[in-house]
Amino acid sequence: MATTQVPGRAVLSRPLSVPLIGGLVGALPLAVAAQPGEGLRDTAFWLQLVVACYAGVRLCAMVLSGRRRLIQGAFWLFCYLAMGIAPLAQSVLGRDPTPVLGPREDTQLATALVLCGMAAFDVGALLARHRPAITTRRRPPATVHRQRLWLLVALAYVASALLIVQLGGPGVFFTSRQEISTSLSEATGAQAGDAGGEAGNALLRGFGTVPALLALLFLTRWLVTSRAARRLPSVVLPWAGLVVVNAIVNNPISNPRYWFLTVLFALLFTVFPRSTVMYRASLALGVVIALLVFPFTDRFRYDEDGRRPVESEALLEPLVVKDYDQLNMFANTITYAADGNGHTYGEQVAGAALFFVPRGVWEGKPEDTGFLVGGWMGTSSANLSSPLWAELWLDFGPLGMSAGMLAVGYLAGRTDRRYVRRTLDDPSPGNVLAVVVPVLAGYSFILLRGSLLQASGRIGIAVVCLLLVTTLRDNRRARLD
0 MATTQVPGRA
10 VLSRPLSVPL
20 IGGLVGALPL
30 AVAAQPGEGL
40 RDTAFWLQLV
50 VACYAGVRLC
60 AMVLSGRRRL
70 IQGAFWLFCY
80 LAMGIAPLAQ
90 SVLGRDPTPV
100 LGPREDTQLA
110 TALVLCGMAA
120 FDVGALLARH
130 RPAITTRRRP
140 PATVHRQRLW
150 LLVALAYVAS
160 ALLIVQLGGP
170 GVFFTSRQEI
180 STSLSEATGA
190 QAGDAGGEAG
200 NALLRGFGTV
210 PALLALLFLT
220 RWLVTSRAAR
230 RLPSVVLPWA
240 GLVVVNAIVN
250 NPISNPRYWF
260 LTVLFALLFT
270 VFPRSTVMYR
280 ASLALGVVIA
290 LLVFPFTDRF
300 RYDEDGRRPV
310 ESEALLEPLV
320 VKDYDQLNMF
330 ANTITYAADG
340 NGHTYGEQVA
350 GAALFFVPRG
360 VWEGKPEDTG
370 FLVGGWMGTS
380 SANLSSPLWA
390 ELWLDFGPLG
400 MSAGMLAVGY
410 LAGRTDRRYV
420 RRTLDDPSPG
430 NVLAVVVPVL
440 AGYSFILLRG
450 SLLQASGRIG
460 IAVVCLLLVT
470 TLRDNRRARL
480 D
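Every letter in the sequence shown is one number past the one before it in numbering that gives the first Met the number 0, and letter 69, counting from 1, is 68.
Honestly, the hints are just simulated from the structure, not real lab data. Note that the Cβ used here is the ideal one computed from N, Cα and C, for glycine as well. Please note: incorrect hints may appear among the correct ones.
As the list claims (entries may be wrong) - Ranges between beta-carbon positions, derived for each pair:
#, residue 1, residue 2, range
1, R103, G339, 16 to 24 angstroms
2, L398, L423, 34 to 42 angstroms
3, V164, L353, 28 to 36 angstroms
4, G396, G65, 49 to 57 angstroms
5, V360, R226, 49 to 57 angstroms
6, G339, A26, 25 to 33 angstroms
7, V243, T469, 22 to 30 angstroms
8, R128, L150, 32 to 40 angstroms
9, D338, G25, 35 to 43 angstroms
With the hints as constraints, model all of the structure from the sequences given.
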């Protein structure tokens with residue numbers, strides 16, 4: 000029986016390897032570190048430089064590998080930019096996008112814990128790579144049920160239409176993210192700084208965006224892999240309509256940057272499910288886009304009166320004035336715990352996992368970690384991050400955080416391996432994994448940035464949509480073809 004061969008390192012890796020490694024591991028971190036600034040060249044600075052170089056090495060390994068490790072690639076792209084280069088720039092300039100209230104030692108500890116978490120993730124991925132093969136009978140793969148897919152398409156149209164109508168029409172989606180937030184608050188009656196109101200806004204927006212994205216991806220997968228489907232108006236026309244719907248509700252103007260990255264990654268890897276070149280280009284260009292394009296998207300965050308000019312006088316300015324506050328918030332979380340609050344022993348993660356339980360039923364339901372630490376800091380901002388490292392550390396301490404990151408690495412490695420095997424062995428239109436993994440890879444930016452509670456709403460909606468369309472039965476009449 001013939002076996003599918005997974006390509007090793009492609010020939011293209013050889014000419015790319017030297018400039019890529021030299022640029023990501025050497026030139027960019029050293030160029031940032033050599034910039035003039037008021038920051039201290041202390042232990043925290045040198046640890047941050049190690050974090051940036053380590054993440055750069057691992058990102059290069061993902062780009063140059065012949066295997067498409069989507070989730071691991073997204074993890075290292077996030078680590079390189081948000082936990083490596085951006086905090087290094089902030090350390091050099093001595094400026095923080097979010098105030099750090101504790102002593103410098105807390106920032107030093109946060110940086111060391113980030114490094115430990117990345118190493119634990121690597122160990123987990125290595126364990127997944129060398130996991131022995133299971134010889135028991137394989138279960139049938141999950142496939143898309145044809146009739147249920149049309150139910151998802153109908154749900155997507157209805158939910159997105161309700162969102163558009165409730166916010167005042169399509170025009171508001173092309174103004175600013177501030178205008179969208181205001182319209183959402185008016186629609187739900189939420190007050191500024193109210194954690195429950197923010198959760199309600201997230202659920203309302205999630206129902207208007209997630210089904211539309213998933214329905215578009217499943218139809219795109221069907222069209223990409225089936226010539227017969229491309230000749231059917233009953234497939235092409237709903238797909239075209241969903242393209243328009245997603246252009247409204249999931250456009251980059253009115254949506255957070257990380258959510259648009261989710262949409263972009265999911266679409267690219269669904270349209271090009273077997274392309275190693277597209278995988279490499281997405282990771283390599285992700286660095287360029289984050290450094291050069293993302294600063295200008297701040298113009299879409301505020302309305303005309305509140306827009307800030309893009310500062311370009313200093314090379315590092317975009318990494319300081321933007322919302323790369325993950326390391327800052329981790330340091331603040333450490334200070335928050337040391338200020339008599341201690342660890343929560345699983346409460347924060349449980350609150351995120353059980354996000355759907357109303358506070359009226361669960362009186363002691365934990366608040367969003369960003370709100371919790373932000374309230375202690377004296378700010379009511381709803382846009383404070385709480386990176387996965389901070390979530391795990393606040394709940395379980397340094398050992399629990401390391402164990403959690405090891406588990407995340409193991410699951411990422413196992414999922415990436417299964418994705419490669421299933422997409423090569425099963426090019427069928429109804430391959431659920433071929434859509435789920437690209438979405439998960441893109442959404443991992445949001446999960447890593449945090450907070451988990453804010454990220455849980457869209458995950459719950461996506462799970463409901465997947466349960467709606469997925470079947471494990473081998474029913475030929477219900478298959479996509």
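- With respect to the beta-carbon atoms only, verify the hint that V360 and R226 lie 49 to 57 angstroms apart. With a Cβ separation near 51 angstroms, V360 and R226 satisfy 49 to 57 angstroms, so the hint holds.
- Return holds or violated for the Cβ distance of V243 and T469 against the range 22 to 30 angstroms. 26 angstroms Cβ-Cβ, so the 22 to 30 angstroms window holds.
- Query: Holds or violated: 34 to 42 angstroms for the Cβ distance of L398 and L423?
  - Reply: Hint holds: Cβ distance 38 angstroms, inside 34 to 42 angstroms.
- Can you let me know if the beta-carbon spacing of G396 and G65 is within 49 to 57 angstroms? 39 angstroms, violated
- Item | Distance restraint evaluation - R103, G339, Cβ atoms, bounds 16 to 24 angstroms | Given about 21 angstroms between the Cβ atoms, the range holds.
- Task: Hint says 25 to 33 angstroms; check whether the CB-CB distance for G339 and A26 agrees.
- Result: With a Cβ separation near 45 angstroms, G339 and A26 fall outside 25 to 33 angstroms, so the hint is violated.
- Confirm or reject the claim that R128 and L150 have a C-beta distance inside 32 to 40 angstroms. Check passed, 38 angstroms falls within 32 to 40 angstroms.
- Query: Is the hinted range of 35 to 43 angstroms satisfied by the C-beta distance from D338 to G25?
  - Reply: 40 angstroms, holds
- Between V164 and L353, does the beta-carbon spacing fit 28 to 36 angstroms? 31 angstroms, holds
Checked against the numbered hints above, the structure violates hints 4 and 6; every other hint is satisfied.
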